[in-house]
Amino acid sequence: MAGQYGYEMSVREVFSKLDVELVDLREAVCCGDPVKSVNNFAANYLGARVLTLAHLTGASDLLIPCNRCHFTVSEAKRLVENDGKTGQKIFSLLKEEGLEYDPQTRIWHVIDFLHDLVGLKTLKKTIVKPLKGMKVASHVGCQLIRYSDLGRADNAENPRKLDELTEAAGAVSVDYSEKLDCCGSHLSLSHPDSALSLGGTKLKAVKSLGVDGLVVSCPECGLMFDSKQRDAESAVGSKLDVPVVYYTQLLGLAMGIDLRKLGLHLNQSPVDRLLSKIPV
Amino acid sequence: MSNTKPNLESKNKILTKLHDKQLVNCFQCIKCTSGCTALKLLELKPHEIEKLVNLGFIDELASSDIIWTCATCLKCVQRCPQKASPYHLVMALRNLAVEREAKVPEAFMKAVSQILEIGLAEDYRKITTRTMETFDREALKLPKISVPKESFQTVFMKALEER
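If you read the sequences in order, they're chains A and B. Residue numbers for the first sequence follow our numbering, beginning at 8 and rising by one. Residue numbers for the second sequence follow our numbering, beginning at 57 and rising by one.
No lab work stands behind these hints, which were simulated from the structure alone.
Some chain B residues judged to face chain A by a derived CB distance under 10 angstroms, without partners named: (1) His-75; (2) Thr-93; (3) Lys-139; (4) Phe-164; (5) Ile-171; (6) Arg-186; (7) Ser-202.
Even for Gly, the Cβ is constructed at its ideal location relative to N, Cα and C.
If we strip away everything but chain B, and leave its shape as in the complex, we get:
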């Protein structure tokens, strides 16, 4: 990442996505990194991601696997004394990656298309118990779940176009 140039236009995009989150206030206290659940899996630590974004190195991050390695445990949001919140930053970078059609883990896109199709991220499934019995909702006397009308699909598509 050392030979690339900062991209301030991308940085502004991220700032807009963050609404009122005060990214620029990060003073590198490393509290986020100290408590990070995914730390062992990360090539860049949360406070380093904050710094890179502040310097404008967005494009590299948006196309990297690093932003998809957050466990969303929210400890960094809780503990940041400056409300710079690496979690929200990572989410904004993920959104940018999707817009740019960068490499996005399949499961996320699958969840969105399932929601469009059936309203839910995952379809209801039968389960097999530890004694190898099989049950579905009906067998367990759980109520049927009603399917959303077509108008939902139309509106959700519109929502997905918003950036």
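So that you can see chain A by itself, here it is in the shape it has in the complex:
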């Protein structure tokens, strides 16, 4: 996840607190996202391969914490199950590695897993330090909610799950007109300066809301808004200083988990300002 270890750490911590056992895939490779631009067939093979690895663990539910991986694997699943010819080609490639595709495997993201499967009610029971008085903006990210025909984790035009989850942790999630704007991360591959200017523009809008921070749930968005915030500042020519945290980090705080276990010492944005808002 491109060095977004704080996300990985907080997902592991929060899920263990919820008594959900996570089994790591063995010999996992890329989901195929960057390969989509190069060779769509090969990308779908990689996406389908991830699903077979999940099947190998004996689990029927696959948790994909990244929006882009979630989208890529979802498109691969739909393609191999609906396009017979391409599906057969991919299945036979998988067989060469001794892998078998199972259409029963269900795909989840952190957001719909917590919201739909665990549920807000159960989640609230794990909160020991409600984040009272904290006001944040949410950024759910593009590829988790679009396009609806594919079956996505939330509504494409009015996503609410991340906000509801944030409020379950005791914070207030504000609405704002730039909510659906893209972080620009994909453009980093071809036009890095434009990518930073997109990310920076959104952060500028978030800053003007006067919130305590921005909540994200995708490592690519986190990379843009948190890790590259300094670079984005020079791209848009203004001081940003927006604390950016992953939802699982925020939830972990409300569950009373130690800061360092949630990887909050790894965020590059000024999260200390947000942390000072946590009730003692």
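Once you've looked at the hints, dock chain B against the given chain A.
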């Protein structure tokens, strides 16, 4: 682009790549362009790209930088009333550009060769925190990631040959 001729053979190639996407149904409602994240960066707008492909001007697009200026935000796919999906069209054009060995941004090819080599688009790296401490996965007590067997490389190479 005004003096070139349409190439229907290239158009058919794109249609095959699009599987069930109904490119020909575009009626130029401009919804895609209205919501496009990358609009400010584009010399040709999404609905114009749709039109050019429908008319068969593929070769010019496949060798142009325009197709590499999509943020993949998927708003055009979501909002297109005709399922013509400029995003999928742009991806098909990118694939064609790679096949033709046109100018492709280095980062994409680098990602593919990294996947071949180590299974991942990017290698695991150490990170430096805002207080200048350095950590790797081990120091953070994160599990080791197992490396794929050689058989993966062979199969992935085969997959890359498919068009």
